[in-house]
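Peer 1: Order-wise, the sequence lines are chains A and B. Numbering-wise (my numbering), the first sequence opens with residue 221 and increments by one. Numbering-wise (my numbering), the second sequence opens with residue 703 and increments by one.
Simulated from the structure, these hints should not be mistaken for lab results. Each residue gets a CB set at the ideal place from its N, CA and C atoms; glycine is no exception. Keep in mind that a hint or two might mislead.
To be verified - Here are a few chain A residues that sit away from chain B, every Cβ distance over 12 Å (derived from the structure):
hint: 1; residue: N222
hint: 2; residue: P290
hint: 3; residue: H336
hint: 4; residue: S339
Unchecked claim - Taking lysine-lysine pairs in the DSSO-like style, the calculated list, with each CA pair at most 30 Å apart, reads:
hint: 5; chain 1: B; residue 1: K1044; chain 2: A; residue 2: K331
hint: 6; chain 1: A; residue 1: K428; chain 2: A; residue 2: K404
hint: 7; chain 1: A; residue 1: K226; chain 2: B; residue 2: K1044
Stated by the list, open to error - Just a few of them, taken from the derived set where beta-carbon distance is under 10 Å, the chain A residues facing chain B:
hint: 8; residue: I257
hint: 9; residue: C271
hint: 10; residue: G275
hint: 11; residue: I402
hint: 12; residue: I541
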Amino acid sequence: MNKAPKDTRVVVGMSGGVDSSVAALLLKQQGYDVIGIFMKNWDDTDENGVCTATGDYEDVMRVCNQIGIPYYAVNFEKQYWEKVFTYFLDEYKAGRTPNPDVMCNKEIKFKAFLEHAMSLGADYLATGHYARVAYRDGEYKMLRGIDVNKDQTYFLNQLGQTQLAKVMFPIGELEKAQVRQIAKDANLATANKKDSTGICFIGERDFKQFLSNYLPAQPGQMQTLSGEVKGRHDGVMYYTIGQRHGLGIGGSGEPWFVVGKNVKENILYVAQGFDNELLYSDAIIATQVNWVSGRVPTEPLKCTAKFRYRQPDTGVTVHVIDATTVNVVFDHPVRAVTPGQAVVFYNGEECLGGGTIDQIFRNGEKLWYVG
Amino acid sequence: MERIYLDHAATSPVHRAVVERMATIMTEVFGNPSSIHFFGRQSRHVLDEARETVAKSIGAKPAEIIFTSGGTEADNLALIGAALANRHRGRHLITTAIEHHAVLHACRYLESEGFEVTYLPVDERGKISLAELQRALRDDTIVVSVMFGNNETGVLQPIEAIGQLLKDHPAYFHTDAVQAYGLVPIDVNELGVDLLSVSAHKINGPKGVGFLYAREHVKLAPRAFGGEQERKRRAGTENVAGVAGLAKAVEIAQETMATKQSEYRTWKAKMLAIFAESGIRYDVNGDEEMSLPHILNVAFPGTNVESMLVNLDLAGIAASSGSACTAGSIDPSHVLVAMFGKNSDRIRSSIRFSFGLGNTEAQIEKAAYETVNIVKRLTNGR
């Protein structure tokens, strides 16, 4: 596509935050035909019966009027419930720790929303993600954002060539501080708005309380792998591997950590010491693997990987089992790798793709207690 | 890009003559109508004349007109005011599922205060059944509120027949005429209506003003407390310039009603003819015969409202559908839900076009052709 910017329509997914505000501003400054669209994925109301998304949409309206672009909203509550939230609950039910943001990007932002943007005659969809797209050697590459602390390729690992061909990440070339500065210089209403934290539909609420609205909590035993009872837990789904807080195990010695769970027996396994070897693993099997290039490696692949967001990369070798399943062997043991989270592969600045952590191994043996 | 405004049922542009009238009042008349000096008398005179004009337009007496801040306040005052003032006679109200939220939410409030409300359903053409109304009517029914013409579909209810039916029943008959007023001749005595709400901004008047007609001897509990304005039924210093603007808009509406009726009917037919010619699929929502001339509500199977409205806006055409929630997303219209059920695809593919001041036949044609293009694009390959 070699259209002039003014003839190129770009739909910007706007959340009401500073990142997407600046993304829209930059595109407008570059002369694109920009449209701001707010996605409403979750239906919830506050104590006055006002939709909780209202404040964010008000910010979108303010910013779009400041920038001088039209704004609209689109409702994906139904799709979000079916594709993201159902998966989220199912994973928790299975004793895993899901990553709804990865699923939201795959099913909503870069699928349903991308289709919506195309139905409005858009050439591109832009978002305020810290990531970059480059066209090299006849294909689209997804690169880490310039700001290493903010890089969000971890959450975008399920994107492929069809998406990247139509996607723009205008702030991927910037540091967060620069984004804030641009917003301040332009006097955008969101310039000083706090970054949102946590899972979007839960917001600032208590996670336990939120989850208990959907999944019945079954308190049970907290014990060591050898069967020594250390206390009670509130429901295994509330805990994740490597977690220290909220266990309430007293006594002397080093603090206690969650090392695993048995959903069937409703047992939470704990062990003492941050560096307890039970927390370490050296290989995984990952499922639902996506390769950004669309090509499954034919040889064992030496690269680096992240097992959770913002974790430093670990050297790994990826052995392909089938088109969507891989065995990942680590160069050295990694602490608290958790089933349900994403494993994402990198070659330098390039994000190669990723999958869902399914089974965890140490010394060639599956860690039965992890769940 | 030429912008074409086809959303006059949401609000309408202010007529130049109304602006001039208001500007004159705002620059020359500022007294408080309750004051006993010259300045007060000047303002009082403006109000009196306006009240006369407004009353005449519906065959009412000036004392039966209560100026309000608009249609919502008029509806609230009618429903809540009448219910509270007559609770000793009964605690039952009847309304319909397709009322404006100003009526429906007032009813919800009354329910929370111990009143009982019957919501009459409508058929697929958007009309209530008189037989059902008859059945719902009880000895303790104190208010029956049925909308004159629906704001989303334009469908007209059998107001005169309802008036006849209620002639020998003590319940007050309220009708929300916000959308119908100015496009349908209204005589409160012929219709047997006791309470009737009107808003200025739907008839090329200013926002923030309207009136409630309340038949003599109808008992209303005030909703605003303070001074003794509007015969103690609506406290607060009168919006004199707004009321003068309303009266001017009423005059113009009365003078142009016949022309508008025939013009808008022609446009509606034109638009539908273009849809038919193009081969796209479409279904008109609501009774085509018994409807307001300026509203056309159409479903385009295979499209969705959010894409349609955005595409239309990007093409310069302002239309609407249902109501947007505070977070901007479009909730399915309760009116269409009442007609077709909440699982019907029709509630997610329907668009309202509404005509008014400033539109031309050329605009209507252009909008129709643009709509056809968008529908074709959105339904391509499905």
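Peer 1: Give a verdict on every hint.
Peer 2: Structure-based check of all given hints:
1. For A:N222, the requirement that its beta carbon stay farther than 12 Å from each beta carbon of chain B is met, with the minimum near 22 Å.
2. With a cut of 12 Å on Cβ distances, A:P290 falls inside the contact zone with chain B, its closest approach being about 7 Å.
3. The beta carbon of A:H336 sits about 7 Å from the closest Cβ of chain B, which is not more than 12 Å, so the claim that it is off the interface is violated.
4. Consistency note on A:S339: stated as away from chain B, yet its beta-carbon is not over 12 Å from all of that chain's, at 5 Å minimum.
5. Between B:K1044 and A:K331 the CA atoms are separated by roughly 26 Å; this keeps the pair inside 30 Å, and the hint holds.
6. For the hint linking A:K428 to A:K404, the alpha-carbon distance of about 37 Å lies beyond 30 Å, and the restraint is violated.
7. Restraint check for A:K226 and B:K1044: not satisfied, since their Cα atoms lie roughly 41 Å apart, outside the 30 Å limit.
8. Of the supplied interface hints, the one on A:I257 holds, with its beta-carbon coming within about 8 Å of a beta-carbon of chain B, less than 10 Å.
9. For A:C271, the interface hint holds, the least distance from its beta-carbon to any beta-carbon of chain B being 5 Å, beneath 10 Å.
10. Against a cut-off of 10 Å between C-beta atoms, the interface hint on A:G275 holds, since the closest Cβ of chain B lies about 9 Å away.
11. The criterion of a C-beta within 10 Å of any C-beta in chain B is not met by A:I402, whose closest approach is roughly 25 Å, and the hint is violated.
12. Interface hint status for A:I541: violated, as the beta-carbon distance to the closest one in chain B is roughly 36 Å, over 10 Å.
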